[in-house]
Amino acid sequence: MVDLSVIILTNNESKHIGRCIKSLQLITNKIFIVDSFSTDNTVSIAEDLGATVIQNPWVSYAFQFNFGIQNNPFQTKWLMRMDADEYITAELADELKTSLSTIPETISGLYVKRRVFFMDQWINHGGYYPIWLLRIWRHGLGVCEELWMDEHIKLSSGTTAQLQNDIVDHNLNNLTWWTQKHNNYAIREVIDLLNIKYNFGNKETVTPDFWGSQEQRTRYLKIKYANLPLFTRPFLYFIFRFIFKGGFLDGKKGLIWHFLQGFWYRFLVDAKIYEVYQRAGKEKENIVSHFRTEYGKDLQSPNQSVKI
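Under our numbering, the first residue of the sequence shown carries the number 1, and numbering increases by one thereafter.
Please note that the accuracy of each hint is not assured.
Okay, the calculated beta carbon distance ranges per label pair [unchecked claim]: (1) Gly246 / Asn41: 39 to 47 angstroms; (2) Glu275 / Lys253: 30 to 38 angstroms; (3) Asp94 / Gly246: 27 to 35 angstroms; (4) Leu249 / Ser44: 16 to 24 angstroms; (5) Ala90 / Thr232: 42 to 50 angstroms; (6) Tyr277 / Asp40: 34 to 42 angstroms.
No farther apart than 25 angstroms at their CA atoms in a straight line, the calculated lysine-lysine pairs in the DSS-like style are these [as the list claims (entries may be wrong)]: (7) Lys222 / Lys154; (8) Lys224 / Lys154; (9) Lys272 / Lys284; (10) Lys245 / Lys222; (11) Lys181 / Lys252; (12) Lys224 / Lys272.
Note that these hints are calculated values from the structure, not bench results.
All C-beta atoms in this analysis are idealised placements derived from N, C-alpha and C, irrespective of residue type, glycine included.
Use the sequences and the hints to build the structure in full.
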């Protein structure tokens with residue numbers, strides 16, 4: 001076992017949580033789950049496998065995850081972030097067992113590679129592998145950005161290093177579930193893109209830098225993307241991923257993935273932004289008011305919801 005605890009957020013993850021926990025048990029028995037009142041047997045599965053579970057109402061991912069950091073009952077040297085539908089490979093477990101205790105004190109965060117599976121197939125092209133994510137950091141030195149979408153762990157000090165092996169993102173739900181999930185994601189993505197222009201909450205985020213870390217480059221490119229014309233950018237993004245980044249090499253399932261995730265989802269986001277402008281105009285105060293009344297979301301505080 002290594003000196004590490006893992007934080008996982010759950011809501012109705014009975015298909016995945018057992019697989020996730022069992023993979024983590026190769027390296028630690030300190031697994032802390034913040035559940036947003038699942039109605040299936042997620043909690044009982046997790047507790048039967050020895051995880052510590054508390055429940056907390058959902059507001060946003062960042063709010064829930066920072067709640068997990070603040071209330072983590074395990075005083076370990078390292079923390080790790082996992083999603084319920086992910087698991088670690090045996091190779092990553094071995095790497096952590098052999099190397100984590102020897103990491104220099106100057107290094108406060110560790111990146112791992114993520115493999116994405118879709119329809120039981122590894123999406124290995126189109127810029128989707130490797131995706132480097134900061135998933136392990138020293139206790140007390142990392143928090144989750146207070147954003148509505150694509151939240152990253154932000155370190156307060158120290159440098160980072162890369163591990164050699166992978167975590168696997170392999171969701172077992174069907175395509176109807178996937179499209180419904182991304183429809184819900186779309187409004188959060190709308191807020192994130194509009195926030196680049198209007199700076200609703202004035203929150204500290206990862207510094208954009210094309211030549212920086214994965215999340216710094218992602219933030220930089222997202223700002224560039226946000227300034228492209230509506231309805232043009234989904235076409236450009238899909239063509240870039242599917243043609244120039246080789247997404248077509250992922251076959252028929254890859255075509256479904258890259259089209260839905262790289263075009264359909266982003267076109268839907270643009271359509272929702274267009275709708276916001278049609279209903280609320282382009283003044284910041286009117287947009288903030290629109291989201292409060294239409295969606296019950298306070299754009300100036302990602303950690304708050306309002307009743308409608």
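Original post:
When you check the alpha-carbon spacing of Lys272 and Lys284, does it fall within 25 angstroms?
Top reply: holds (16 angstroms)
**OP:** For Gly246 and Asn41, compare the CB-CB distance with the range 39 to 47 angstroms and indicate the outcome.
**Re:** Since the Cβ atoms of Gly246 and Asn41 sit about 41 angstroms apart, the hinted range of 39 to 47 angstroms holds.
Subject >> Cβ separation of Glu275 and Lys253, checked against the hinted range 30 to 38 angstroms >> reply: Hint holds: Cβ distance 31 angstroms, inside 30 to 38 angstroms.
Original post:
Given the hint that Lys224 pairs with Lys154, does the C-alpha gap stay at or below 25 angstroms?
Top reply: Roughly 21 angstroms between the alpha carbons, so the hint for Lys224 and Lys154 holds.
Subject >> CB-CB spacing for Gly246 and Asp94 relative to the 27 to 35 angstroms hint >> reply: holds (30 angstroms)
Original post:
Measuring from beta carbon to beta carbon, are Ala90 and Thr232 in 42 to 50 angstroms?
Top reply: This hint holds: roughly 44 angstroms between Cβ atoms.
Original post:
Does the alpha-carbon distance linking Lys181 and Lys252 stay inside the 25 angstroms limit?
Top reply: This hinted pair holds, its Cα atoms lying about 22 angstroms apart.
Subject >> Consistency of beta-carbon spacing, Asp40 to Tyr277, with hint 34 to 42 angstroms >> reply: holds (39 angstroms)
Original post:
Falls inside 16 to 24 angstroms, the C-beta gap from Leu249 to Ser44?
Top reply: Violated, since Leu249 and Ser44 (Cβ atoms, about 42 angstroms apart) do not stay within the stated range.
Original post:
Going straight from one Cα to the other, do Lys224 and Lys272 come out at no more than 25 angstroms?
Top reply: holds (19 angstroms)
**OP:** Assess, step by step, whether the Cα of Lys222 is no farther than 25 angstroms from the Cα of Lys154, and give holds or violated.
**Re:** Since the Cα atoms of Lys222 and Lys154 sit roughly 17 angstroms apart, the hinted pair holds (cutoff 25 angstroms).
Original post:
Can the restraint linking Lys245 and Lys222 be considered satisfied, given a maximum Cα separation of 25 angstroms?
Top reply: holds (17 angstroms)
Consistency note: the structure conflicts with earlier hint 4 alone.
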